[in-house]
Amino acid sequence: MTPDQAQRVIEEALAQVAPDVDIGEITPDTDLRDDLGLDSLDFLRFVEILSQRTGTRISEDDYPHLATPASAVKWLAGG
Amino acid sequence: MPALGADMDEGTVLEWLVKPGDEVHKGDVIAVIDTAKSAIDVESFFAGTVERLVTGVGQTVPVGTVLATITESPAEPTAPQSAGPPAERKVPGQPRPAAPRKREKKIAAAEQAHPAVTISPLIRKRAYELGVDLAKLRGSGRGGAVTRADVERAAAERQREVALKPPSPAVSRIRATPLARRVAAELGVDLAGVTGTGPGGAVSEADVRRAVPAGEAAQAREAVPVREAVPAPEAAQRPAAAGARSGAERALSMRQAIGRLMARSKREIPHYYVSNTVDMTRSLDWLHERNRELEVSERLVSAALLLKAAALAARKVPGLNGYWLDDQFSPADAVHLGLVISLRGGGLLTPAIHDAADLQLAELMSRMRDLVIRARAGRLRGSELTDATITVTNLGDQGVESVFGVIYPPQVALVGFGKVTERPVAVGGLIGVRPVVVTTLAADHRASDAMTGARYLTEISDLLQRPEEL
Numbered sequence: 001m002t003p004d005q006a007q008r009v010i011e012e013a014l015a016q017v018a019p020d021v022d023i024g025e026i027t028p029d030t031d032l033r034d035d036l037g038l039d040s041l042d043f044l045r046f047v048e049i050l051s052q053r054t055g056t057r058i059s060e061d062d063y064p065h066l067a068t069p070a071s072a073v074k075w076l077a078g079g
Numbered sequence: 001m002p003a004l005g006a007d008m009d010e011g012t013v014l015e016w017l018v019k020p021g022d023e024v025h026k027g028d029v030i031a032v033i034d035t036a037k038s039a040i041d042v043e044s045f046f047a048g049t050v051e052r053l054v055t056g057v058g059q060t061v062p063v064g065t066v067l068a069t070i071t072e073s074p075a076e077p078t079a080p081q082s083a084g085p086p087a088e089r090k091v092p093g094q095p096r097p098a099a100p101r102k103r104e105k106k107i108a109a110a111e112q113a114h115p116a117v118t119i120s121p122l123i124r125k126r127a128y129e130l131g132v133d134l135a136k137l138r139g140s141g142r143g144g145a146v147t148r149a150d151v152e153r154a155a156a157e158r159q160r161e162v163a164l165k166p167p168s169p170a171v172s173r174i175r176a177t178p179l180a181r182r183v184a185a186e187l188g189v190d191l192a193g194v195t196g197t198g199p200g201g202a203v204s205e206a207d208v209r210r211a212v213p214a215g216e217a218a219q220a221r222e223a224v225p226v227r228e229a230v231p232a233p234e235a236a237q238r239p240a241a242a243g244a245r246s247g248a249e250r251a252l253s254m255r256q257a258i259g260r261l262m263a264r265s266k267r268e269i270p271h272y273y274v275s276n277t278v279d280m281t282r283s284l285d286w287l288h289e290r291n292r293e294l295e296v297s298e299r300l301v302s303a304a305l306l307l308k309a310a311a312l313a314a315r316k317v318p319g320l321n322g323y324w325l326d327d328q329f330s331p332a333d334a335v336h337l338g339l340v341i342s343l344r345g346g347g348l349l350t351p352a353i354h355d356a357a358d359l360q361l362a363e364l365m366s367r368m369r370d371l372v373i374r375a376r377a378g379r380l381r382g383s384e385l386t387d388a389t390i391t392v393t394n395l396g397d398q399g400v401e402s403v404f405g406v407i408y409p410p411q412v413a414l415v416g417f418g419k420v421t422e423r424p425v426a427v428g429g430l431i432g433v434r435p436v437v438v439t440t441l442a443a444d445h446r447a448s449d450a451m452t453g454a455r456y457l458t459e460i461s462d463l464l465q466r467p468e469e470l
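Keeping their order, the protein sequence lines are chains B and A. Going by the numbering used here, the letters in the first sequence line up with residues 1 to 79, in that order. Going by the numbering used here, the letters in the second sequence line up with residues 1 to 470, in that order.
Not one of these hints is a red herring.
Listed below are several chain A residues computed to face chain B (Cβ distance under 10 Å; list not exhaustive): (1) Leu287; (2) Asn394; (3) Gln398.
Listed next, the stretches of chain A that the computed footprint assigns to chain B, with coverage defined by at least 3 CB atoms under 8 Å from CB atoms of chain B: (4) 297-310; (5) 362-372.
Just so you know, these hints were derived from the structure itself, not from any lab. All C-beta atoms in this analysis are idealised placements derived from N, C-alpha and C, irrespective of residue type, glycine included.
Sequences and hints are given; from them, build the entire structure.
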């Protein structure tokens with residue numbers, strides 16, 4: 001998966017989980033939980049969508065990699 | 001119009017899902033009602049055949065007004081009853097058992113001496129919600145007992161004067177689809193001035209859009225908040241959900257409804273508070289181990305453990321699970337756990353997870369996810385909003401350590417959970433770093449003492465040390 005593909009998947013997942021958030025306001029370093037206010041159920045749904053779309057198994061130990069869009073892109077793109 | 005929560009005074013019919021002649025079963029969703037807080041799916045209280053829809057789409061009526069009449073199935077033991085309180089009957093008067101009058105009088109007299117004895121907690125709660133004074137009610141049930149229908153009839157009589165006033169004509173006489181109403185509210189279009197082209201002259205969304213001058217339309221679209229413009233794919237937000245109210249109106253009416261209820265709580269309920277710090281090491285280790293093998297969709301979050309512990313503890317300490325009504329505490333038979341769900345964009349709803357103490361963790365977790373999704377999409381059911389016996393607020397995700405809540409009357413307790421954080425803790429004479437959560441309880445001092453509250457929080461702590469038994 002390229003970084004661009006990963007970026008798109010992340011944006012789609014966020015649009016579903018937090019439909020009220022303006023994607024344009026999300027920067028690479030936006031903290032999904034603290035800045036966007038995703039709660040643990042939202043975050044679980046976010047992980048679920050990422051996992052489905054990318055076919056990647058994401059364990060709880062991997063959650064810290066998904067804290068911001070930048071770190072999530074890096075991790076999903078295999079960096 | 002049923003009271004969908006203690007804070008509801010009136011409601012607007014957004015949509016009928018049945019028509020005259022339709023068969024309905026008890027529990028079937030028959031209408032969508034818009035309240036100050038949200039659009040709610042309203043279920044039928046009876047099984048039978050829909051006879052007449054009395055309150056039309058778009059009409060706003062007070063709690064207690066007749067929405068529709070349903071002729072009860074022959075299989076049902078009693079006479080025709082109405083859908084939703086209050087009961088309007090085809091047969092005037094209440095069928096009475098052919099008991100000798102003298103005996104009835106005696107029982108009635110005995111009842112006056114102990115008015116609370118023959119009234120069930122649920123009926124008392126209902127009366128409280130509808131603002132009916134039970135002392136002035138004459139029961140028509142067996143042995144002169146006050147029935148749900150009595151209470152609702154009294155509420156209807158009280159409301160009749162109000163109900164007879166026609167609702168504002170601009171709203172009531174215009175036929176329009178829910179989507180058209182929503183769009184009209186967003187664009188600031190007066191539906192009265194729009195010519196409908198839909199069936200029966202109903203105003204459609206396209207009619208509304210046509211009614212806006214081109215320049216204004218573009219401007220109005222800009223003003224529509226993103227939340228409204230982007231359809232929520234999660235649970236296909238029903239067009240009626242945003243319903244008769246625009247975002248700003250909804251936010252205001254939501255604040256007002258919360259404000260009224262919370263002010264009443266603080267005015268009437270002498271709150272006392274207790275708190276405790278609970279070691280979460282065992283619970284989190286167990287959770288992590290369990291989730292390791294599972295797909296994302298089956299994983300649990302720590303909130304599920306906390307909710308289950310809160311429900312089990314409520315069963316163990318029944319003095320906190322129930323309602324304060326008529327100057328006395330009525331314990332509830334089951335634990336229906338109210339869950340404070342904050343809505344994106346402000347405000348909150350508190351639907352209940354029914355029989356939470358009996359649910360497996362996985363089931364509790366899926367109910368919780370389901371409730372959050374439906375609460376945000378405006379698809380809760382009336383029964384979910386009315387029968388919580390104790391409520392939990394979980395602010396763990398907001399990063400605060402503890403929350404001391406305000407009780408939802410007529411409930412008598414509100415449980416709070418903060419964020420699970422790592423703290424230095426003394427264990428066996430040594431300092432170690434452990435995950436802990438602060439649990440709190442706000443309880444009604446009329447119904448219980450701090451001793452009971454302390455027992456409740458200790459019980460939660462004990463339960464969380466044995467997560468495998470939750």
